[in-house]
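Q: Sequence:
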Amino acid sequence: MPSYAVAGASRGIGLQFVAELLARGNVVIALARNPENSEGLQSLKDNKTLHIIKADITDLVALKNAAEETAKATGGSLDVLINNGVYQNKAHLYNTLVDFPSTEELISDLTNSFQTNVLGPILTTNAFLPLLRKGTLKKVITLNTGLADVDLTSKCEYPKITSYSISKAALEMVNVKYALALKDEGFSFLNISPGFVNTAQTAPSEEEMKEIMVMLGAFKKAYPDWTPVPVSPAESVCTMLGIIDNLTVEQSGKFVSHKNNREWL
-16 MPSYAVAGAS RGIGLQFVAE LLARGNVVIA LARNPENSEG LQSLKDNKTL
34 HIIKADITDL VALKNAAEET AKATGGSLDV LINNGVYQNK AHLYNTLVDF
84 PSTEELISDL TNSFQTNVLG PILTTNAFLP LLRKGTLKKV ITLNTGLADV
134 DLTSKCEYPK ITSYSISKAA LEMVNVKYAL ALKDEGFSFL NISPGFVNTA
184 QTAPSEEEMK EIMVMLGAFK KAYPDWTPVP VSPAESVCTM LGIIDNLTVE
234 QSGKFVSHKN NREWL
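Position one of the sequence shown corresponds to residue -16 (this note's numbering), numbered consecutively onward.
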């Protein structure tokens, strides 16, 4: 049976990937910074094909150990890596580049965003690359967002969610560079946006709701006929798995939406 490693598996879309892949009978490696605190992972831990490993995607030692543990669980190979870990600082989510409280906070937010959202997938991919090279499917999937798309941002005229968008835009180039570097080895690299998904664990505050409505209004500039109704993580993951299952080497390096094109909403 195919083997999958999911980085950032403690909740939301990452956890849903774990659950769906297990239901399909796969061997699943779930990487989480604090798996003991994830009720979702703990509820699945008795599954015989699930291996839960504690690993922070920015921690080289932890990733090395995670790859070694994965090799023991799979016999030394890995078919698919799904990079899902993400950093967002709610305190600065709706700041633009020109209205952070201080330059120091701007630097910190950008640095932390790049550390997790760009370096994290790079370090994780490199740590698991020896196992992926021995795998059959050789697929590396990295979750991205339509907010990283320059054309969409320009059409929406939306300047906020700054550090997250900038770092995720860099992630598209990371995907292309990997695809080119490993194109002769049969790898398929894909950036994919999950769509408009409800992953919130708590209800937004009144102020957050105001910002969300502004953002949705901006999206309507690009997609005037779009109805802003979020889908569930389960629906999103099932849709993405359909795309991942059919991913070919010829498509390596692409960044697509949940519709398998550049239509983000």
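I should point out that these hints are in silico values taken from the structure, not numbers from a laboratory.
Here a beta-carbon is modelled for each residue, glycine too, at the ideal position from N, C-alpha and C.
Worth double-checking, as some hints may not be accurate.
[As the list claims (entries may be wrong)] Label-pair ranges, simulated between beta-carbon atoms:
| no. | residue 1 | residue 2 | range |
| --- | --- | --- | --- |
| 1 | L163 | K47 | 21 to 27 Å |
| 2 | G200 | G169 | 41 to 47 Å |
| 3 | A6 | E246 | 27 to 33 Å |
| 4 | G59 | V133 | 16 to 22 Å |
| 5 | L80 | S215 | 18 to 24 Å |
| 6 | D208 | I105 | 34 to 40 Å |
| 7 | G169 | A54 | 30 to 36 Å |
| 8 | I105 | K37 | 16 to 22 Å |
| 9 | G169 | L80 | 20 to 26 Å |
| 10 | V159 | D208 | 40 to 46 Å |
| 11 | K204 | N17 | 20 to 26 Å |
| 12 | P142 | P211 | 18 to 24 Å |
[Unchecked claim] Only pairs whose alpha carbons sit at most 30 Å apart, straight line, appear in this in silico DSS-like list of lysine-lysine:
| no. | residue 1 | residue 2 |
| --- | --- | --- |
| 13 | K242 | K193 |
| 14 | K193 | K237 |
| 15 | K237 | K203 |
| 16 | K117 | K73 |
| 17 | K193 | K117 |
| 18 | K166 | K237 |
| 19 | K37 | K47 |
| 20 | K117 | K55 |
| 21 | K203 | K193 |
| 22 | K37 | K138 |
| 23 | K242 | K203 |
| 24 | K28 | K138 |
| 25 | K37 | K160 |
| 26 | K28 | K47 |
| 27 | K143 | K204 |
| 28 | K242 | K166 |
| 29 | K138 | K73 |
| 30 | K117 | K143 |
| 31 | K73 | K31 |
| 32 | K242 | K73 |
| 33 | K47 | K242 |
| 34 | K242 | K138 |
| 35 | K204 | K166 |
| 36 | K193 | K204 |
| 37 | K166 | K73 |
| 38 | K143 | K237 |
| 39 | K47 | K31 |
| 40 | K143 | K55 |
Q: Checking against the hints above, which ones are violated?
A: Checked against the structure, the hints that fail are numbers 4, 5, 7, 9, 10, 11, 14, 16, 17, 22, 24, 30, 31, 33, 35, 37 and 40, while the rest are satisfied.
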